[in-house]
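Undergrad: Using the working numbering, you'd call the opening residue of the sequence shown number 1 and step up by one each time.
Keep in mind that the hints are not guaranteed to be accurate.
Think about it this way: if two alpha-carbon atoms lie no more than 27 angstroms apart in a straight line, the pair counts; the simulated DSS-like pairs of lysine-lysine are [said to hold, decoys possible]:
1. K228 with K289
2. K455 with K514
3. K343 with K435
4. K436 with K516
5. K414 with K343
6. K435 with K305
7. K92 with K289
Source of the hints: derived by calculation from the structure; they are not laboratory data. Owing to the predicted nature of the structure, the values given are computational and were not obtained by experimental measurement.
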Amino acid sequence: MPNNEPAAPAQDLSPAPAKSGPPREIELKLAASPEALETLRGADLIARHARNQGVTRRLDAVYYDTLDRLLDRNGLALRVRRSGKRHVQTLKRSGSSDPLARDEWEVALPDGTLDLSLLPLAEIGEPLASLSAGQLAPVFATRIRRRLRRLDYAGALIEIAFDDGMIEAGEKSLPVSEVELELKEGEAAALYELGLAMLDIVPLQVATQSKSARGYGLAFARLPRAVKAKPIELGAHDNADAAIAAILGNTYQQLLGNLAPVTTQSGPEGVHQMRVSLRRLRSALSVLKREIASPAFEPIGREAKRLGHVLGPARNWDVFITQTVPDIEAEGLDDAGLLALRKAAEPFQATSYAAIAERLANPQTSRFLLSFGALIERRGWRSGLPSEAMAVLAEPAADFAVRVLARTHRQALKRGRGFGSLRPEARHQLRLALKKLRYTAEFFLPLYEGSAARKYLGRLSRLQEALGLANDAATTQHLLAELRGGKAPEPELHFAAGAIHGWQSRHTIEAGRKLKRRWRRFEAANPFWT
1 MPNNEPAAPA QDLSPAPAKS GPPREIELKL AASPEALETL RGADLIARHA RNQGVTRRLD
61 AVYYDTLDRL LDRNGLALRV RRSGKRHVQT LKRSGSSDPL ARDEWEVALP DGTLDLSLLP
121 LAEIGEPLAS LSAGQLAPVF ATRIRRRLRR LDYAGALIEI AFDDGMIEAG EKSLPVSEVE
181 LELKEGEAAA LYELGLAMLD IVPLQVATQS KSARGYGLAF ARLPRAVKAK PIELGAHDNA
241 DAAIAAILGN TYQQLLGNLA PVTTQSGPEG VHQMRVSLRR LRSALSVLKR EIASPAFEPI
301 GREAKRLGHV LGPARNWDVF ITQTVPDIEA EGLDDAGLLA LRKAAEPFQA TSYAAIAERL
361 ANPQTSRFLL SFGALIERRG WRSGLPSEAM AVLAEPAADF AVRVLARTHR QALKRGRGFG
421 SLRPEARHQL RLALKKLRYT AEFFLPLYEG SAARKYLGRL SRLQEALGLA NDAATTQHLL
481 AELRGGKAPE PELHFAAGAI HGWQSRHTIE AGRKLKRRWR RFEAANPFWT
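From just these sequences and the hints, can you work out the full model?
TA: This is the structure in structure tokens:
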């Protein structure tokens, strides 16, 4: 009997057409020792894929800004670079959701004198459009020896630059030793893949700070700032495959954004935000693998867990030193020996930061970061999937979101059954389930409008906060045990530890009174995706 049903539409997993806009530079930067640079320059990998013998250039550049750093504050970097007798004026703008991309405008300068009128000011917009060259002054300079070659690699044309030299601001200077891979033609995945191939030859570290960012940091003694997660770019027209790419790309952007703050030990927030990025990533992989059991997710999740494990102790000591102890002092208990307790904790904090530095310098971390970037660019989760999983990738993102959110919500409710009689470990597992649910809800939030989603997330967040107090108290007790080192503490430290225990117990009891009510309110919340 003939089948008169219409054929199923073909699965279209092709990415959306690239949006038009300003010219863009797509570049991957890798820090390397001078010895590693020399080894790479002569490596067979480079020679085998090279189009040319390469050239060596001396690049001297001066970066300009207003006295109040107006350009820098707006994500702009303006320079005039001299190479031989040639001068080029370049403006770069950061802020893209793509961690490798920046807007870039370049124009030749006849005599090397700054001339803003040569730039497309209408396209660039404010604040540059309202400035004149007279309002700008040199801020810092770079002096770089660059060895350039062009490579054909993985279907792409890549310009590889071996840079060594100095960044100079007044009498201060900072050495430069790095490899830059700039995409000229093809797909950005090739940059990550070439980076992975080079990592097999010499140790390299993924670097996220441009020369201009390091120059501003040098000139003004400014450390890199921690980066929070940005809203995910996801629309109703997207399919599940695009949603996965957007979610993973968003966690990757936050992870890379906090590399510099953590590496330079800019403060507790960098470690916190990097840890958040890894938790968001692991939550995403956990909920996604239920829909598409891609083997590509497994190594990424494993390395994310390993790096997060190294960050954990530093975060715990940061909270103890910068939040727990000061909060107790603020309640009038500053005479309880807390200063001595804080001093005793500082060596533990320093040791935990040393462990992070060692981990970030490990080539395995660079391999994780490069592999993760390649996975996103190549959409590697598609590889080896059965036809039914490919059909899931082709479905509308909104349908995919409903199923993922509903399942994650059910899992949290299941963890909370018999809430009033849950043991501490069960409450801890509930807290983790709620955290995964919150991250998942935030991933898909752009697909939903109105107050229902905000109300749901508000109830979820307040419940998490109350559950977190008990976990914080348990963590603090563990840290105090580390400070004792299995021995009886000094009387002053013993008194301070008792003050902390009493203070946290009171807050935990107060939170406990609200817990049941907050659980009931969350349990009764209407899922915003239905």
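Undergrad: Could you run down the list of hints and mark each one as holding or not?
TA: Here is how each hint holds up against the structure:
1. K228 with K289: With a Cα-Cα distance of about 25 angstroms, the restraint between K228 and K289 holds, given a limit of 27 angstroms.
2. K455 with K514: 18 angstroms, holds
3. K343 with K435: Distance of about 33 angstroms is beyond 27 angstroms: violated.
4. K436 with K516: 20 angstroms, holds
5. K414 with K343: Not satisfied, since the Cα-Cα distance of roughly 43 angstroms exceeds 27 angstroms.
6. K435 with K305: 16 angstroms, holds
7. K92 with K289: 38 angstroms, violated
In summary, the numbered hints that this structure violates are 3, 5, 7.
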